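Since the structure of chain A is provided, determine the placement of chain B on it from the hints.
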Amino acid sequence: MSRSKILAVALAVAALPGAGFAADVIQGGEKQATNWTAIVMFGAFVLMTLMITKWAASKTKSAADFYTAGGGITGFQNGLAIAGDYMSAASFLGISAAVMTSGYDGLIYSIGFLVGWPILTFLMAERLRNLGKFTFADVAAFRFAQTPVRIFAASGTLVVVAFYLIAQMVGAGSLIELLFGLDYWIAVVLVGALMMIYVLFGGMTATTWVQIIKACLLLGGASFMSFMVLWKYGFSPEAMFADAVRVKGELALASGKTPEEAAVAGQSIMGPGTFIKDPISAISFGMALMFGTAGLPHILMRFFTVPSAKEARKSVMWATTWIGYFYLLTFIIGFGAITYVLTNPEFLTADGKLVGGTNMAAVHLAHAVGGNIFLGFISAVAFATILAVVAGLTLSGASAVSHDLYSTVIKKGKADSASELRVSRITTICLGIVAVILGIAFQNQNIAFMVSLAFAVAASANFPVLFLAILWKDCTTKGAVVGGFVGLVLSVVLTVLSPSVWEATLGHPVGSAPFPYTSPTIFSMTLAFLTIWIVSKMDNSARAKVDRAGFLAQQVRSETGIGASEASAH
Amino acid sequence: METPLVERIVADPNYQELKRQRSSFGWTLTIAMLVVYYGFILLIAFKKDLLAARIGEGVMTWGIPIGFGVIIFTILITGIYVRRANSEFDQLSEKIKKDALK
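Each protein sequence line maps, in turn, to chains A and B.
Per this note's numbering, the very first residue in the first sequence carries number 1; after that it's consecutive.
Per this note's numbering, the very first residue in the second sequence carries number 571; after that it's consecutive.
The shape of chain A in the complex, shown without the other chains (with noise of 0.2 Å):
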């Protein structure tokens, strides 16, 4: 490539509007008119999904019933339901918004949401199965001293849990004003009260049937989107890519651009461009995403809900399987966005921009394929998915409170399933006022960081201690707290150190921020690697040989499975 082409293309890149790492949080964009077809649509959602809640009521009796729906979920629901938990409204709005404006970078993005899957079947999905019982505290500190373990874990589970719910709380006030216009606060009470009801009444039963609907009607609306964008090219993606390059050329043709520089814009699309800026962001933020997902308490949590290790291995076999195709799906809906709204005057404002903002391109693209009726059907999957994700969440964060703080260092391992029952469900309520609350106090702050956070801290801090105690003979308690530790709380502050923090929600100027990377993995679960090794080496506490002692017997029940909980009876 020629400099002057070079400088075009940087030019064109740097034209394209708020693409890129933003893309897991959905914030912005101005109230549309009230959409009744969407509301009454989404209504019918929730009326099944209370029905399917008062069913899982008369089914959730035990602790056990309520943490992991008496684990017996099989393994192809499973992964549905962790694909529902996990394809976020955010993933699936903000990649195709971001693969419509930047194309390839989109699908650069949706791959690092992708990689984590396989390496947590490798090493840890089948042995989390036979070594825990309700979430991952159970297998971080099976065979360490049960109180500072516990504390920690509860305490990553809490950060991960907290973040991560705050931004899913502020993306559903976005999207109810663009989606059905209706008020802010409106989505916010709505999606904490229902979070509730699913959690409180149908407990982990209630929560996977939430997310397998979603998951259903997800994949189903995005298969229709991408069938109808292919079918218009006769199934063929030269024909559709090609399309796209005329389109984005043209429109930077008509932004002024001379003929040579709209060429290179509009083939810009079809390769790399601004979304990685340096390596170490690159691979820093492919590890938080890459190691986090294995870190992510309330996936792991899932693995809890099948009767076996082999049904564990069923589940992320179909959760990897439907992500991968979502994703897929993402990138052809970008691409008909491209194609099919940039085109149509009907979804662009007067300076050419979307009618409620980027993250529309998919909502749009549901109108231009599929008329009013699959308007109002996108629209409401994208606010149930929501929900699935926030019933997911709160129960994750209720366990931690109930069964680790609760259960196991209060009581020391006493309380009766009745009152650990009564615990959950106070924290149920309590995580439910406090995300509204926060839901609202963070309705005008740039948040685009805590979906990233939130990985990093799972990378950071839960995947190390999980993965060493796993697997590593000579870690220690006092390692395995300390090293935690310092990976909670480097990552945080890292974070808020960084540009996207420091500068975008500070307000600082730009250029200020002491730490200049993207994410801060590379460097806090390093060091979270590094800490807990260093002092599980050096401790020579009682505990220390109590806790190297006790290796042997967990990794037979890990590679074994004998003495692993059964599923309970119904």
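Think of the hints as simulated: they come from the structure by calculation, not from any bench.
Since we're looking at a predicted model, the values are computed, not measured.
Ideal Cβ placement from N, Cα and C applies to all residues, glycine included.
Some chain B residues close to chain A (C-beta under 10 Å, calculated; not the full set):
hint, residue
1, Val576
2, Ser593
3, Gly596
4, Phe610
5, Ala615
6, Gly628
7, Ala655
8, Lys667
9, Leu671
Same frame as chain A, now just chain B:
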């Protein structure tokens, strides 16, 4: 789990075999996944032109099949592990359980 049972299982050559096979298979696939993903990221960081290069006369670039390939690879490699673990490893582990608990 009581100590004699643990010792009995650890002494079982089948158990040692299971542990060795699963660990080497799991780590091999993990490394394969890491190489593919970080290879892709490094390609983006240092060799953008390669991914943006057109394959033929049309607009299709090498980046598209490579990116889709990473997604397909991720699904396939997970499937390969689960297939072997759910047949071979589970049979071995059933055998160990039967021998240990009889």
